[in-house]
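Trainee: With chain A's structure known, arrange chain B on it following the hints.
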Amino acid sequence: MINSESPNTLDEPVFQTILRDLKMVAFKLYHVILPRGNAVNALRDWDLWGPLILCLIMAIFLSVSAAEDQKALEFTIVFVVVWCGAAIVTVNGQLLGGNLSFFQSVCVLGYCIFPLTIATIIIWVIQNLSIIFKLPIVGGAWFWSSFASYGFLGSSVPDNRRLLAVYPVLLFYLIIAWLVIVQ
Amino acid sequence: MSNYNNKHHDDGNPFYNEPINTSPNQQQQQQQQQQQNLFTNTNIDYNDYTQNRGQQQQQQPVYQPDLQFQSFSHEVDVNSNTSPNNSNNNNNNNKIGGNSNSNNNNNNKFSDNAPLNTNEDGTEKKYRFYEVPYYRFLFNVDTKEVGLRLIRSLLPIKFSFFNLIRENPDLYGPFWVLTSLVFIVAASSNLNEYFNSNDRSNWEVDIKKIVYSAVAIYGYSFVIPLILWGIFKWMNLGLRLLDMLCIYGYTLFIYIPASILCVIPLQLVQWIIVAVAAIVSGLFLVTNIFTPLKEDFTKRGLIICGVIGALHLGLALVLKLYFFANSTENFSITDSSSSAHPAINGTTTTTTA
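Residue numbers (UniProt numbering), protein chains in the order written: chain A, 1 to 183; chain B, 1 to 353.
In case anyone wonders, no lab produced these hints; they're calculated from the structure. Hints are supplied without guarantee of correctness; some may be wrong.
[Stated by the list, open to error] Restraint-style ranges between C-beta atoms, simulated for each label pair:
1) B:Ile227 <-> A:Thr17: 53 to 63 Å
2) B:Asn202 <-> A:Met24: 38 to 48 Å
3) B:Val215 <-> A:Ile57: 27 to 37 Å
4) B:Pro257 <-> A:Cys84: 45 to 55 Å
[Said to hold, decoys possible] Think about it this way: if two alpha-carbon atoms lie no more than 20 Å apart in a straight line, the pair counts; the simulated DMTMM-like pairs of lysine to aspartate or glutamate are:
5) B:Lys208 <-> A:Glu68
6) B:Lys144 <-> A:Glu68
7) A:Lys23 <-> A:Asp47
8) B:Lys233 <-> B:Glu131
[Claimed, not checked] Residues of chain A placed beyond 10 Å of chain B at every Cβ, according to the derived structure:
9) Pro13
10) Arg20
11) Leu48
12) Ile53
13) Gln70
14) Glu74
15) Ile77
16) Asn92
17) Leu95
18) Gly97
19) Phe103
20) Trp124
21) Leu129
22) Tyr150
23) Val182
24) Gln183
Every residue, glycine too, gets a C-beta built ideally from N, C-alpha and C.
If we strip away everything but chain B, and leave its shape as in the complex, we get:
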């Protein structure tokens, strides 16, 4: 973790602000006005590019925590300028990253300019945007870092997830969490149906669940971050699309153990598990997204976070009611279904077979 986080606050809460030193640098003041006191990732340079290197060097000594986030951690070993805070252990070797157009234009997450990458041995190697290693900057995490982020997603206590991933958002975690979740939901859902079915020898697995769970989970985790990113961009918050994708991916991590536990055939237990998972992950999501909104957009932020929370609960409900449905809750079951669903079990109604 970089120094500046620990230097100023414990949990990365950005609102213990130090007074802003007056900076002689014109551009820095400009940027301060642009970004105010928000999480700003607009100045993350995933890589160096020559026209801005001088500016970065000038700004470093008057670096303001959390206000001026110049990410130096992406400078690679061949570069002479280094961040004073560059102690992130991810930075020891290949920081291979893409390029973005200019300092003011850093909201885009990918760039099609000719990138500048380096190899492990320090030689520079250019990758184009259509080559796979160009995107290595999205996967620049170690096992420990991924583990740390996953564990942080289970604790909605600290509101600083964006701080955690500010320098180094990764797509490894979100993508594999989502993929694992798709598969595990489908598998547990089938297992749950098997346990609930009365005719176990004739039970057939429902392969369509894989497709449905893929659609639901991938759709939720791509579309909503896209919309949120659009909204935040319109509000000039400076959150990147990568941040949104990251947080949504890690949010859903808790559903993996929840889904595995949901094969317990007791309905009450299932509801409790899903509720706990939904609340923990919803809290994590909402508190972390609310943090950059808190200062300037409190009312709007509340509304946005309310909507996010509602959508998240909606996902939890869909998960429970469709994938882990017991026959009493399955509204779409008709009489012509297979023998796995005889007369309604008498848990909520009093009719018997």
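Pulled out of the complex, with its shape left as it was, chain A reads as follows:
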């Protein structure tokens, strides 16, 4: 089956290939975001397309609404924070004794940015939202992101270090949430 499939996928139209990847991304998003028990299985084959798409969406929206002379800087900072932050948090988990696979963990952290991306889009669409509304939206998104990724990452380190491994995740999403809320 496998052998006969690979020449077939070379022949298929590009649209079909992209559609398949998009479906994979959507499937993973669905499983990661709704905290269900079998999220771990769904993410066993990691991919980085989803996090890249989410990161780009967020970076573009935040950059567009940034101050004039800081648009490029904002994009850079969002990009760097998301990718380097995910890498650092993953390495931190590994160093504390967890048995995480690097890319799988980066994949999960990237996918769990999805609530914050939704918050970004909401705030960008409804312009001039006052801080009273922004705060619960972004706060809720932050909490949702942290909770979704905790379900995956929390069980991978020993118990006496769990807070040490979870705190960087919280900080990571907090930084992104702050970038969203001050746009």
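Mentor: Showing chain B alone in chain A's frame:
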């Protein structure tokens, strides 16, 4: 905490010295002469290595507190030799550490030799220096231990921070304290500007502050420990780079609540908060660094600690004057700045808009 600390002194002050027993072991005497009565961490073996294991076993019964610091706490469960003081609760399982070259050469903090690590289940697993788990010995702390170190950094009363981290310096605390501080300083600084601005609906966040605060804080906490380590190495004190990085990281912990509190728009309150934070952390830093210097290098130690204290105050001033600047103190503001800075507020001058 290991036994030897509590056995001999309460707060870990190393200068309640017991008379040195004469040791039949030649090497131990040699080491005594080398290290004198300083904090010496040169004999910390993060891991065992076969050529020195015999020596360690011989030296253990005549272990001198604080003079001969042989760290046995890094021996892992598969090793037969154990420290008599090995009751550190960090040592129950995976002590995974790197290797250093020899007993005399333990000043280097990392080694590129083939390391010897163990898994949780006791099997030996070798990690190379380019693999991530090789560096697990730097993160060998529990939540409670990190919490304990953080709280100790807030109290400049006990001068024994180096004792606390002697067996087990970690880079988790320093790194995440610094990272959190970078972010919190940037966020509070922007919040402070927002509260100070007169035109709140047009206020834009200044993202460059993240970059500047990262440069300032990471630079301060990496460069100065490096310089200090070089100086102490030249003075043969035996303090490791990890110790210096550790102490600087934990020193800055108090600035996190200080920065959060600095969003209070009152200028006097801000100055008081920054002053208190600077004094407490400066005292912590200076007293703990002075302790190994006290015995032999009193005058030089005073000078060094004076410089350290001055640099620390310099950091506090930069934090206050740049990041939490109110418009009256912002020297670099020009007339062409945004509408957030109209005429100077009349707190220190008498001119009005």
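Trainee: Hint by hint, note whether the structure agrees.
Mentor: Here is what the structure says about each hint:
1. B:Ile227 <-> A:Thr17: 53 to 63 Å: Hint holds: Cβ distance 55 Å, inside 53 to 63 Å.
2. B:Asn202 <-> A:Met24: 38 to 48 Å: 44 Å, holds
3. B:Val215 <-> A:Ile57: 27 to 37 Å: 29 Å, holds
4. B:Pro257 <-> A:Cys84: 45 to 55 Å: 26 Å, violated
5. B:Lys208 <-> A:Glu68: Given pair Lys208 of chain B, Glu68 of chain A holds - Cα atoms ~13 Å apart, limit 20 Å.
6. B:Lys144 <-> A:Glu68: With Cα atoms ~46 Å apart, Lys144 of chain B and Glu68 of chain A exceed 20 Å; violated.
7. A:Lys23 <-> A:Asp47: Judged against 20 Å, a Cα distance of about 12 Å means the pair holds.
8. B:Lys233 <-> B:Glu131: Measuring from Cα to Cα gives roughly 28 Å; hence the hint is violated.
9. Pro13: 41 Å, holds
10. Arg20: Holds, since 33 Å exceeds 10 Å.
11. Leu48: 19 Å, holds
12. Ile53: 23 Å, holds
13. Gln70: Violated, because the least Cβ-Cβ distance between Gln70 of chain A and chain B comes to about 5 Å, which does not exceed 10 Å.
14. Glu74: The claim is violated: Glu74 of chain A sits with its nearest Cβ about 5 Å from chain B, within 10 Å.
15. Ile77: 6 Å, violated
16. Asn92: 7 Å, violated
17. Leu95: 4 Å, violated
18. Gly97: 6 Å, violated
19. Phe103: 13 Å, holds
20. Trp124: 15 Å, holds
21. Leu129: Check passes; 12 Å lies beyond 10 Å.
22. Tyr150: 15 Å, holds
23. Val182: 4 Å, violated
24. Gln183: 8 Å, violated
In terms of the numbered hints stated before, the structure departs from hints 4, 6, 8, 13, 14, 15, 16, 17, 18, 23 and 24, listed from lowest to highest.
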